[in-house]
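Novice: Chains as they are written, first to last, in the numbering used here: chain A, -13 to 280; chain B, 0 to 425; chain C, 95 to 326.
Think of the hints as simulated: they come from the structure by calculation, not from any bench.
Just so you know, even glycine gets a beta-carbon here, dropped at the ideal spot from N, CA and C.
A couple of the hints might just be wrong.
Computed cross-link-like contacts, DSS-like style, restricted to lysine-lysine with a CA-CA straight-line distance of at most 25 Å [what the hints assert, rightly or not]:
1. A/K121 x B/K303
2. B/K107 x B/K123
3. A/K127 x B/K419
4. C/K202 x C/K153
5. A/K127 x B/K303
6. C/K202 x C/K188
7. A/K45 x B/K238
8. A/K127 x A/K57
9. A/K105 x A/K138
10. B/K303 x B/K238
11. B/K107 x B/K96
12. C/K315 x C/K188
Per the computed footprint, the stretches of chain C lying under chain A, defined by three or more beta-carbons under 8 Å from a beta-carbon of chain A, are [stated by the list, open to error]:
13. 101 to 112
14. 174 to 181
This is what each chain is made of:
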Amino acid sequence: MNTSTTLGVGTLPMSATQDVSGAGPVNIELTATQATVGSAQIPNAKMTVRNVNIFYGEKQAIYDVNVDIGKNQVIAMIGPSGCGKSTFLRSLNRMNDTIDSCRVEGDIRIDDENLYSPKLDVVELRARVGMVFQKPNPFPKSIYDNVAYGPKIHGLADTRVDLDEMVERSLRKAGLWDEVKDRLFQAGTGLSGGQQQRLCIARAIAVSPEVILMDEPCSALDPIATARIEELIEELSQNFTIAIVTHSMQQAARVSQRTAYFHLGRLIEVNPTEQVFTNPEHSLTESYITGRFG
Amino acid sequence: MSKTPQHLEKIQRSLVRRYRAEKAFRWCGMLAVTLGLTAVLVVFADIFMKGTGAFSATYIALDVTYDREVLGIENFADQRQVNTADWEALLKTALRKEFPDVRKRSEKRKLYALASNAAGYDIKDRLLANLRLLGETETIWILADDDIDAYYKSWLGGNAYTARLTDGQLGALQALIDTDRIQLHFNANFLSRGDSREPEQAGIKGAVVGSFMTLILTLVLSFPIGIAAAIYLEEFAPKNALTEFIEVNINNLAAVPSIIFGLLGLAIFINLFHIPRSIPIVGGLVLAVMTLPTVIITSRAAIKSVPPSIREASLGMGASRNQMVLHHVLPLALPGMLTGAIIGMARALGETAPLLMIGMVAFIVDIPRGFTDPATVLPVQIFLWADSPERAFIEKTSAAIMVLLGFLVTMNMSAVWLRKRLERRW
Amino acid sequence: MANMSFENHIVKQFDGELEEVRTRLMEMGGKVEKQLTNAIRSVVEIDSALAEQVIEQEKSVDEMELDIDEACILIIARRQPAATDLRLIMMVSKAVNDLERIGDEAKKIASHAIILAEQEGPAKGYTEVRHLGTGVVGILSNALDAFARFDVDAAMRTLNEDQQVDLDYQSALRELVTYMMEDPRSIGRVINILWVIRSLERVGDHAKNLCEQIVFVVKGKDIRHQSHIAQD
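Next comes chain A alone, as it looks inside the complex (with noise of 0.2 Å):
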């Protein structure tokens, strides 16, 4: 169902270069010049990544990406498996160094200091934007040493006292004390999947963090512990700014201010979520979102 677009209904920023015709499967040529569509770039942002390459030995994973994430916003990240977006992620605190062969290119801050600049110290940075993985990966140690851990590496309390209150208001952040304050010296790990995946985002709210970045965070949880989290997201939004990797677009739809999709290593379309979810910019985001490839 092909029509000439010649109607001025407000100003449609799909021009011709989008105009794809037959309804056979989207089969768009990416570019490498190819731009992002959309508000790719905000006032009032908390981090901004420019011009960003990402390479894995050869392979280029991340293909000049250009976004900001908003100051105690939501950024959801989607795309379809193999897109890149954990790996954008995972730049944004630089947890790509682990990997030897992962080299990034171009400018990311963090309230306009450089995360790659020889003068800003790795561990110092992942202690203001934090970290919490699609599998809940608490320490094999009791509750409470796992909340404690950010705190006592970095230092950050003189005295037991503070030590405790400090986990308390954590796991008060995270809805989990009323679950484990009886239990807080028992292990981490005998808690269930939602309530580990909690006490995960604790851990990492613990030593205060600016950014929270979120890889997936509940695809290994039931619904009832999913909704649970994204209630804690919704509410931790107030204070953090988060960046979340997500393979359920309901979830993107569910907790973002702001979705960005991912597909081939480039970043097709950054747009407000309703806006995402009702009538994207990008006919390959269409596709993605309303169940065509991916």
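Based on the hints, put chains B and C in the right spot on chain A.
Specialist: Relative to the frame of chain A, chains B and C by itself:
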């Protein structure tokens, strides 16, 4: 739909075939396991049957009179007099009294041969421990000679071995048996003495202590070095051609025959550094070098088995690499490393070949008191005894094997126990 | 743009379900169009039997509404549609409502046709009904065509046509008021005619809604309550 019954029939037919194959396979497996177990059991039973004899020894009851005249000691405070005194004379007197019929000199000598030539020292120790016995007469159990021991044990078994005894000795023994003055007692000597040319006096303690010292040294050297090397290679070393080369060579070293390590020890530790031969230090060094590759390989496997999620979690929390390793990776890998080390130790405990090259095969009577005393180790002791002509050494050899096996089993069990105990779930 | 394909989902049943909903909406549209034409004919040709038939048929239109609505709810619950799919489902769900209302108006017109057939008096106002009726039916069928082809241009043209219907409605009103002033005996009849053209005007509005929703599906832009856009 008419196809369905045929279909089912086919499936059923194939099921029969499949179950038959499965059953056959299971039988094969069980047969293999049974064969293996039987072989092990036969060997164990053989060793056990031969070896238990060594834990008991034949003793003869004699009325010994502690006669100062016979001893010829005037002053017991004089060490020289005490040491040069003829302690065996007390025994001989007691034997003559027991068998007054024996007159001929040659027969007398045979009579004296009933007792072990160490029995005099036992009497000496006994008297010196309690000088009030002087002049008294008491019945004590005297260790019999190894030939008597062999005869008596075989006689008890119903098939007396008389080849090395004279008629006179047999008659005397019969008299002792009749009066119940010959008995089997627990052989404390076997566990408390060093090696000896006389089988009835030969003990395993020297070898056990030697093995223990050597192994302590091996553990102290190879465990920390092995773990440090494993951690460095696994967590810190850059992945380049050099580390690749090192890795390949560590794997190769683990497969090098142990005797090569003996030669290496001989060339380097003894010839180059002039460490005296036959001492636990050099044995420990050689065995440490030999077990190092094993420890490194098992430790690396243990480190590799620590889930990457834990590393990511700690790095994501802002831990440095060092903190990540010390706080998270090492505690999780330690049980695996320990089991690896213990299994390496167990291998070192059973090793003979490299020690032959560095002189730990010597005949050493004294129990080593330190790392610089000449020593031998259990497997070498077994090798030496197995080589000895005396019939009584057969049971000593088997008993020594039992002790060695006991140690090996204990070490392996402790490895399992440690792993169970320390292993944490995640 | 307007790559309005509802196919090529990874889940093939989803394609089928969307197609099914669309087809049924078209069917319902056809049915309603028929009802409206018949209702107008029953007025103009004073055919009570036809009017009875229209009233009778209205029930089946209601049933179709319920059916399609249920199908939409099922799709939302099962497939969580997004973007165009979501817009299509929302549009269908609303369009079905508009179509049902048009069906209601057709029924009202038919019942007035029966009353008119029984009433004595001069046959005034039929011309206006015919004229307005033709216009409204035209809009409705254009709207349905636009939906069938997801033709935004046609939908926009139809939106503009509705303004003509409004003008026609205004002049018909004036005409009828004149009749009543001229001949007070005709007031009873003319009031019934008034109801009929009032219904026709409502049908025009519903048809307009349909067009707006087509634009929403294709463009993702909500142009309701934005009269200025129509003038672009």
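Novice: Each hint should be assessed against the structure and marked as holding or not.
Specialist: Evaluated hints:
no.: 1; hint: A/K121 x B/K303; result: 18 Å, holds
no.: 2; hint: B/K107 x B/K123; result: 22 Å, holds
no.: 3; hint: A/K127 x B/K419; result: 17 Å, holds
no.: 4; hint: C/K202 x C/K153; result: 13 Å, holds
no.: 5; hint: A/K127 x B/K303; result: 20 Å, holds
no.: 6; hint: C/K202 x C/K188; result: 21 Å, holds
no.: 7; hint: A/K45 x B/K238; result: 18 Å, holds
no.: 8; hint: A/K127 x A/K57; result: 33 Å, violated
no.: 9; hint: A/K105 x A/K138; result: 24 Å, holds
no.: 10; hint: B/K303 x B/K238; result: 15 Å, holds
no.: 11; hint: B/K107 x B/K96; result: 12 Å, holds
no.: 12; hint: C/K315 x C/K188; result: 15 Å, holds
no.: 13; hint: 101 to 112; result: holds (count 6)
no.: 14; hint: 174 to 181; result: holds (count 8)
Figure legend: structure checked against the earlier numbered hints; the only hint not met is number 8.
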